[in-house]
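Undergrad: Here are the chains, one letter per residue:
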Amino acid sequence: MEHTDVLVDWSRAQFALTALYHWLFVPLTLGLTFIVAIMETLYVKTGDEKWKQTTKYWMGLLAINFAIGLATGIIMEFEFGTNWSNYSWIVGDIFGAPLAIEGLMAFFMESTFFAVMFFGWDKVSKKMHLTSTWLVAIGSNLSALWILVANGWMQHPVGMKFNPDTARNEMLNFWEVFFNPNAVSKFLHTISSGYVLASLFVIGISAWYLLKKRDTQFARRSIIVASSFGLITSLFLLTTGDESAHQVALNQPMKLAAMEGLYDGEKRAGIVAFGVLDTAKEIGDDLNPFLFSFEIPGALSFLGYHDLNAFVPGIDNLMQGSEKYGIMSIPQKMQKGKTAVAALGAYKKFKKEGNLVEAEKALKTFEANQAYMGYGYLKKPQDAVPDVALSFYSFHTMVGLGTWFLVLFMVTLYYAMTNEMHNKKWLLYLAVATIPLGYIAQEAGWIVAEAGRQPWAIQDLLPVGMAASNIASTSVMITFWLFAVLFTALLIAEVKIMLKQIKIGPEGH
Amino acid sequence: MFDLLTLQQYWWFLISLLGALFVFMTFVQGGQTLLYTLAKTEDERNVLVNSLGRKWELTFTMLVMFGGALFAAMPLFYAVSFGGAYYVWMGILFCFIIQAVAYEYRKKPDNFYGERFYETLLYINGSLGIFLIGVAVATLFSGGNFIVNENNLSHWTMQSYGLEALLNPFNVAFGLMLVFLSRFQGALYFLNNVDVPTVTARIKKVVIVNFGMFLILFLYVLATILFMDGLRYDPDTLVVSVESMKFLHSFMDMPALAGLLLVGVLTLLYGVVIAVTKKAQKAIWFSGLGVILTVLVLFLILGLDASVFYPSLADIQSSLTIQNSSGSHYTLEVMSIVSVLVPVVLLYIIFVWRSMDKSQITIDEVKSDPHHY
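Protein chains in written order, with my numbering: chain C, 1 to 509; chain Y, 1001 to 1373.
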């Protein structure tokens, strides 16, 4: 069942829209739940009412953010069915499990204890309240764990086998899916990015109070907690980012090449610290991909393979293949993929006719080529290459901003500890301005992860073109615009409410 | 460990249980449609919103869990129905997106659209959202227009992508039945949870009217189900055939289910009676248990006794059964191990519910809480 490009584009657009909106809210929840849990712990330990007020204030902002995160989240789960129904069947046996476990293990925990956290101050004991706050934090992070196990599996499918009779992939080993190195690094990298964003959020808002010369004690306390949390988690973010890149190098070389704009592979490949791509560059030509660039030599080889001398294949190498480095060309892979698809069809046909000998033969052919099955659905070799500019700029934006956040945390922690923060106007302005940068870095990260692995819904196995639902593209177009209008309307309300609450400030709570 | 069919039946039971718990929890939605019927002043309304506001996430989660369990255990249904009856499911999603923000934003200063706007969103969620869910569930009995090919990939045969279900009176009655059910359940929940005498005084009438409507629709729906042509499949060849009064036969084959249904209906009735005659606070627990049992049986009857749980109107052999649409043996086994968490989750929900609802909500309590909805 082939889909039209228009349908696939709208389906992707709708999913991207939902995901990008959803991700405006989730990272803050991931981090802020922990920050308020830490603050409430300080309150319970010290008995200082000021800490309680601080906790309650940030909790209020958390709630505004939480509600809309939940609203946008529900759709993502159901969109796998509504918009990617072929996908739901072909890999649902593996992919459905972590989603269901997420619901059972995490969502109930979050939603049950959320009510206690907000309305239970006078209804339950101090200890039970604190426990509830921690459970909300743990619940929301557990939810991230399972969804990222699912996402990690899409990037690097393991622990399953294709069943030709049901025409789907079936799970063979749950632990392999769970401990998928790609999923582990993705989970750790993603949650730490949430902690960093929440820290930037708390520091930025507190800095605004300091600029306005109000709520200074509250602001200083908040900055100390958030800067410490941010500094520790930034270092963690850096380490997990390195591991993520390593996983990409191992399992998704085309994505890595696109992230770096690398066409002609080399040993001691460098990382482009800064560069502007030449839009005239095409796959296989001799043009320099960059109009200008500044490179850190050897860094890409080291980052990708933890070896300065490692060969990093470029887009051209992956496309044309290389005997020297044991790379099969895309056209060859497509050929094998087509053989696999045809053999599966033959197997089904012979089996139906009761011709078991021929069916067995066809099955053997299928199994020999099955690893490339996804390539059999591609229309042309160029389809195997993601959008280089999008991958390159998103990746570099994310890394650049991440580095800046680390520096900012060091500086704010230092000045907050020495109690000089309120005198450093330049720093306060920078802290406020960094809040939106935090969101940009978050979205850029997901664009690299998802756009960078195109055309694959499941790496090498299932292209997006094959994964979509068999519906009319106008239907998806209609719902796309409905979502776009609704989300934007809700976002406007959310931002307005949030800004108002910030203006009211902790004293008003 | 267990054979595949046992696991498929076990998972169908879990899906049925989640469906039943969700329908019980829709008292939240029903309550949302009563904000202007049961409350006449702003203070009264605030109490109702805050009373529901502490439960809505649980209902929401139950719905998500229901979807998640279907995805993991019956992936073919997930693919066929969601990707085919596209507009119905999308309609449901829209109705639930708007609910989540409405509670949190309704009372917040600078909320851009005003309080009434968010109350309207709650009303839409409570009425249209529940109606559409009812229609979607009804199609498990009445069928959908889909075809599943030899590779188990599916497509819908109608360009209306699910909206055609609205032309079937049974589906519409089913949807309306759920709306009235959620409304009198909502009223019973308020009776239990809210301490505002003026509101309590209005509950009796609301319960009588909505229960009456529910009862008429329920009898129609039940009679239709019992006497309709159903589909039975051969467990060995998986070939599907029509059988007149299939569900009636299934009830006769499984008298325990028929008994459970009767107990469910009577318990529900008892809850309603003590609410109307004695304004009993505990009425919701009886009617709630009755709802859970009744819905559980209605779901179970679809999956057991070689029934088809999602008939195809376009190609009878494409119809879905727990045997042809489930996850693999291994996945069902893994998920069954995970399902030991179900009672744990239910226990902590009950524990939290009890500790949070020790006393009823009053106008003063809501007024004194700066975080109120």
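No wet-lab data here; the hints were simulated from the structure. Note that CB positions come from ideal geometry on N, CA and C, so glycine has one too. A portion of the hints provided could be inaccurate.
[To be verified] Quick list of in silico lysine-lysine cross-link-like pairs, PhoX-like style, CA-CA up to 20 Å:
(1) C:500 - Y:1278
(2) Y:1107 - C:56
(3) C:127 - C:50
[As the list claims (entries may be wrong)] Covered stretches of chain Y, going by a simulated chain C footprint (3 or more residues, C-beta under 8 Å):
(4) 1168 to 1178
(5) 1352 to 1361
Undergrad: Hint by hint, say whether it matches the structure.
TA: Going through the hints against the structure:
no., hint, in the structure
1, C:500 - Y:1278, "46 Å, violated"
2, Y:1107 - C:56, "17 Å, holds"
3, C:127 - C:50, "18 Å, holds"
4, 1168 to 1178, "violated (count 0)"
5, 1352 to 1361, "holds (count 4)"
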